[in-house]
Amino acid sequence: MTEVRDVQTLARPAGFTQDQLDWVPWVEPIALADADQRQRPLLEGGRGESPYFRLLARNAEVLAHRSANDKDIFYSREGLTRAERELAATVTSRFNGCEYCASVHSRFTSQLSKRADDVQRLLDDGVTVRIDERWDAIIDFTAALAAHPPRPAHAELARLRLLGFDDADIHDLVLSTASFSWANRLMSSLGEPEVPGACAK
Amino acid sequence: MSAATDVIDAVLGTEAAARVAVVRRSRPAVVEHTQGVHDALFEGPAGLAFGPRRLAAIAAHVATLAEATELAAYYAGRAGSAGNEPDSAGDTVLAAALRHAARLTTAPATSTRAHIDVLLAAGLSETDVVTVSQLVGFVNYQVRLLAGLELIGAAR
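Quick note, the sequences are listed as chains A and B, same order.
Each residue of the first sequence is one higher than the one before, starting from 1 at the first, in this note's numbering.
Each residue of the second sequence is one higher than the one before, starting from 1001 at the first, in this note's numbering.
Just chain A, same shape as in the assembly:
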């Protein structure tokens, strides 16, 4: 049975949200039962339920390296706080207009920072929002790097250094921004978000 379908207009998110969204593929994912020995380890746990990961499993070798890369970019213990790595992911996703990625990573940012209202202002107003000195510096550096083509961000980098960011912290922001410059282009071109439950009517 195909999983590819159109999302009804009423089931599309009405803007950038921190609420949980579903994702409907435009290209057929593999069925979990059909996963071969290269694909099966990549689809353990919740990933086997996800049409996105079952679709990317069509190229198992690339997915394996991509997942390992992302895991280190977002979860390595040393370096920038996870909240600020997730903030950069949210800024990049908001800038690129990826509603699904923005919903997931704004939720993570809110959970980790306990600043759900500030995160919602970023989603509502976009990357020109002003929040506080530290978040503004992260937002401006990230938005410059996420731009197409990337804008030279010497002034933005100098501001981060004045606030005490060292090379490793800035490298973490670069990696988070680069990672979502990739993820946004997958999620917004291989399918679309859907408000859960809205399609059953």
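It is possible that some hints are incorrect.
Residues from chain B that face chain A, not an exhaustive set, calculated with beta carbons under 8 Å [stated by the list, open to error]:
no., residue
1, 1105
2, 1113
3, 1133
With the C-beta cut set under 7 Å, the calculated list includes, among others, these residues of chain B facing chain A [as the list claims (entries may be wrong)]:
no., residue
4, 1111
5, 1140
6, 1147
Hints are computed from structural coordinates only; laboratory data are not their basis.
These figures come from a predicted structure and were not determined experimentally.
Even glycine gets a Cβ: it sits at the ideal position worked out from N, Cα and C.
Put chain B on the given structure of chain A with help from the hints.
Positioned in the frame of chain A, the structure of chain B alone reads:
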């Protein structure tokens, strides 16, 4: 892994790579898997089925659009073309993939389901669509990683 097999270092060039060597090597898993994605794209079974030269031509086009001159030159070399201009030379699969790559790079939010149908109608398999999409995403990742590393290095 030897320096010769690391595409990010090679594209940065010896001096720029040396300026950011310490910070890059503080995240060895990222260094390893960033190269791992590159190698999997070009040498994995799906990439070989689609055609490594086609993939390199698409990557060169993406890097050129993103104004990443050295990265574009690297991929153009792999594609076997002298310049960075995309040349699909009657290859309808490559022509469709190049158009898709350009839109996804320059305006990612404008993608629609109809664009996928165009790729499938041009003769790409579903696995080809995944491979091309991963390639376009990965080159956009490389573009930001290179730009960020150059910034960090320049400020030292």
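Here is how each hint holds up against the structure:
1. The closest approach between the C-beta of residue 1105 (chain B) and any C-beta of chain A is roughly 6 Å, which is under the 8 Å cut-off, so the hint is satisfied.
2. Hint status for residue 1113 (chain B) relative to chain A: holds, with the closest Cβ pair at about 4 Å, below 8 Å.
3. Restraint check, residue 1133 (chain B) versus chain A: the minimum CB separation of about 6 Å is within 8 Å; hint holds.
4. A cut of 7 Å between beta carbons decides the hint on residue 1111 (chain B): the least distance to chain A is about 4 Å, and the hint holds.
5. The closest approach between the C-beta of residue 1140 (chain B) and any C-beta of chain A is roughly 5 Å, which is under the 7 Å cut-off, so the hint is satisfied.
6. Restraint check, residue 1147 (chain B) versus chain A: the minimum CB separation of about 4 Å is within 7 Å; hint holds.
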